[in-house]
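Engineer: Starting from the known structure of chain A, fit chain B onto it as the hints suggest.
Sequence lines, in order, name chains A and B.
Take any residue in the first sequence, note its place counting from 1, add 108, and you have its number in the numbering used here.
Take any residue in the second sequence, note its place counting from 1, add 923, and you have its number in the numbering used here.
FYI, nobody ran anything at the bench for these hints, they're computed from the structure.
Do not take every clue at face value.
Here are some, though not all, of the chain A residues that point toward chain B, as calculated from beta-carbon distances under 10 Å [claimed, not checked]:
id: 1; residue: Lys119
id: 2; residue: Leu224
id: 3; residue: Val225
id: 4; residue: Leu315
id: 5; residue: Gly319
id: 6; residue: Val328
id: 7; residue: Ala330
id: 8; residue: Gly334
id: 9; residue: Met354
id: 10; residue: Leu370
Reference listing, derived: stretches of chain B covered by chain A, where coverage requires no fewer than 3 residues with Cβ under 8 Å from a Cβ of chain A [said to hold, decoys possible]:
id: 11; stretch: 930-938
id: 12; stretch: 1077-1087
id: 13; stretch: 1213-1225
Values in this document were obtained by computation on a predicted structure and should not be read as measured data.
All C-beta atoms in this analysis are idealised placements derived from N, C-alpha and C, irrespective of residue type, glycine included.
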Amino acid sequence: MGKARRILRNKKALTGAAILVFLTLVAVFAPVIAPYGPNETRFLPGQPPSREHLLGTTSLGQDIFSQVVWGTRLTLVVGLVTGSLCAAISTTIGLVAGYFGGWVDEILSLITNVFLVLPGLPLMIIIAAYITVQSVVPIIIVISITGWAWGARVLRSQMMTLKNRDYVKAAVIAGESPLRIIFCEIFPNMLGLIVANFFGAALYAVLSEAGLEFLGLGNVNAVTWGTILYWAQNNQAILMGQWQWMVVPGVLIAVLGMSFALLNFAVDEMTNPRLRR
Amino acid sequence: MRYLLRRIGFLLFTGWAALSINFIVPHLMPGNPAQVMLAKFQGRLSPQALAALTEAFGLNTDKSLFVQYLEYWKRIFSGDLGVSLTYYPSKVTAVLAQSVPWTLGLVGSATVIAFTVGTLLGIFSAWRRGSLLADGLVPAALFFNSIPYFWLSLMVLYLFAYSLGRFPLAGGYDIYSTATGLAKLPSIIHHAVLPLSTIVITALGGWLLTMRNNMISVCSDDYVAFAYAKGLPDREIKYRYAARNAVLPSLTGFSMSLGFVIGGSLLTEVVFSYPGIGYILYQAVTSLDYPLMQAIFLFISLAVLVANFFTDLVYALLDPRVKDEGD
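Isolated chain A (complex conformation):
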């Protein structure tokens, strides 16, 4: 109860959650909200916004509003799935490295630091350029591989302070297995940090996805906000006076990113007693 009230009182958390819920509803009810299918090409191409086409039509004659609504689905899914994958990898590696210490920590920290300093986006671009499979799965994998390291580092240092607490020592003496201690005893106490880490990773994923798709390195036939931008740019939307084709998906990416950023910041603020007031 206390936690729920704290979330409701925190304006940042509330705004972030409201945006996320709204976009999720749009994604779920896309078939109801969107007047046409995302790939229907039966309209007059290049129309400005009108009552029939709220955001006009593309150069191929697709309804942009319907594309944006349908695009919410894949954009959200890629963001959330990638965020979860990143968070899962960083939690496992961070907690194991921090708990066991010694040579396990040496090796895992070395791997983490390598991934931390290797430049992520150039690596993604290179890998994506070699991939010939037309699907969003490669993008999810590529972003997860390059995006987990920061979280692992943060969680590892938190683990190192938590493992010296009395309740952990008691669990050790009681003879619980290390994995049980890590995931059943300590994990719940780090949930705040892990959740914050998940939102941070989701933000990173949404921005990276948009960047890769804008370069045409994703699956350009899938409808996401990133690929809508790719087609808008390739058809010189703005030079044709079609501002809304470029502006709307970009603003939506920023809004979705902001909701993840707000939730990340708010969870951090609520769980870190020093930032609370």
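Structural biologist: Just chain B now, with coordinates in the frame of chain A:
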């Protein structure tokens, strides 16, 4: 000394890892990209260049992967990274040498400006916590942090360069001007204003938030309370006590962020057709110029690793405690 050795060891290890990834990625991919590339360039390149490519990517050879790996290292140490296909017959190294100064100048100055301004705003936002302006900086920073770099670049480009015509549409300097040397500088700055501002705007928020949170944490430390008790002036506590310690984690972030900043600036360069590595990388990717792609990734990773190495050394000078902790 032990710290220095550890850092050097880490630099060498990460360098090895980056170069090995660079070698292994094309070999792991399904559908052999090199073959696609060869098919594409068949008849457009001289037979010697094709033979060199076949050699470089291990096609049509019965050599084992391991032997190819050793030969890859031999080529790197002899500085022979091959011939670019888009800029044929220029050497890849020559193409790189032309674009690197542009990126270094743009990204370097943007990072320094974003770090300084962001950190100062962070100090302000933490110190005046509770006031409207200081607290309003947080959501603003979060928002600018969430804008896609490339999209902001597009908007800025169309608004200020295309519609208003205040700034050039593309390039790094006026290619029709006959000015040389220092006389080129005004044109270079004029071309850099827009890309630089977009990088600064999107990167600023991160520094602001990091510094703000550190500063708030530090302000509840005992030694700050003691400084108040001693009756030291506010200004002195703010900068010499609190900010001085709070900036340390930001500095670690600084070395970590170099990779991110270069990544983001790649897209900015693409949008502004700025003649740096990002733009060249984009061209290499769209025209399947694998030798150039490999060389660019190699250069970017080595640059980030070396910069990271030096930040670590500077950090140890500023905060001697890290030397004792090992890592």
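Engineer: Work down the list of hints and note, for each, if the structure agrees.
Structural biologist: Here is what the structure says about each hint:
1. With a least beta-carbon distance of about 9 Å to chain B, the hint placing Lys119/A at the interface is held under the 10 Å criterion.
2. For Leu224/A, the interface hint holds, since its Cβ comes within 10 Å of a Cβ in chain B; the closest pair sits about 6 Å apart.
3. Interface restraint check for Val225/A: the shortest CB-CB distance to chain B comes to about 5 Å, inside 10 Å, so the restraint holds.
4. Given the 10 Å rule on beta carbons, the hint for Leu315/A holds: about 6 Å separates it from the nearest Cβ of chain B.
5. Annotation: interface hint on Gly319/A holds; nearest CB of chain B at approximately 5 Å, less than 10 Å.
6. Evaluation of the Val328/A hint against chain B yields a violated restraint, the C-beta minimum of about 12 Å exceeding 10 Å.
7. Given the 10 Å rule on beta carbons, the hint for Ala330/A is violated: about 18 Å separates it from the nearest Cβ of chain B.
8. Of the supplied interface hints, the one on Gly334/A holds, with its beta-carbon coming within about 8 Å of a beta-carbon of chain B, less than 10 Å.
9. A distance limit of 10 Å between C-beta atoms decides the matter here; for Met354/A the minimum to chain B is near 7 Å, and the interface restraint holds.
10. For Leu370/A, the interface hint holds, the least distance from its beta-carbon to any beta-carbon of chain B being 6 Å, beneath 10 Å.
11. With 3 residues having a beta carbon nearer than 8 Å to a beta carbon of chain A, the stretch 930-938 of chain B meets the requirement of three or more and the stated coverage holds.
12. With a threshold of 8 Å between beta carbons, the proposed coverage of the stretch 1077-1087 of chain B by chain A holds, since 4 of its residues qualify and at least three are required.
13. Here the stretch 1213-1225 of chain B counts 6 residues with a CB under 8 Å from a CB of chain A, which clears the bar of 3, and the coverage holds.
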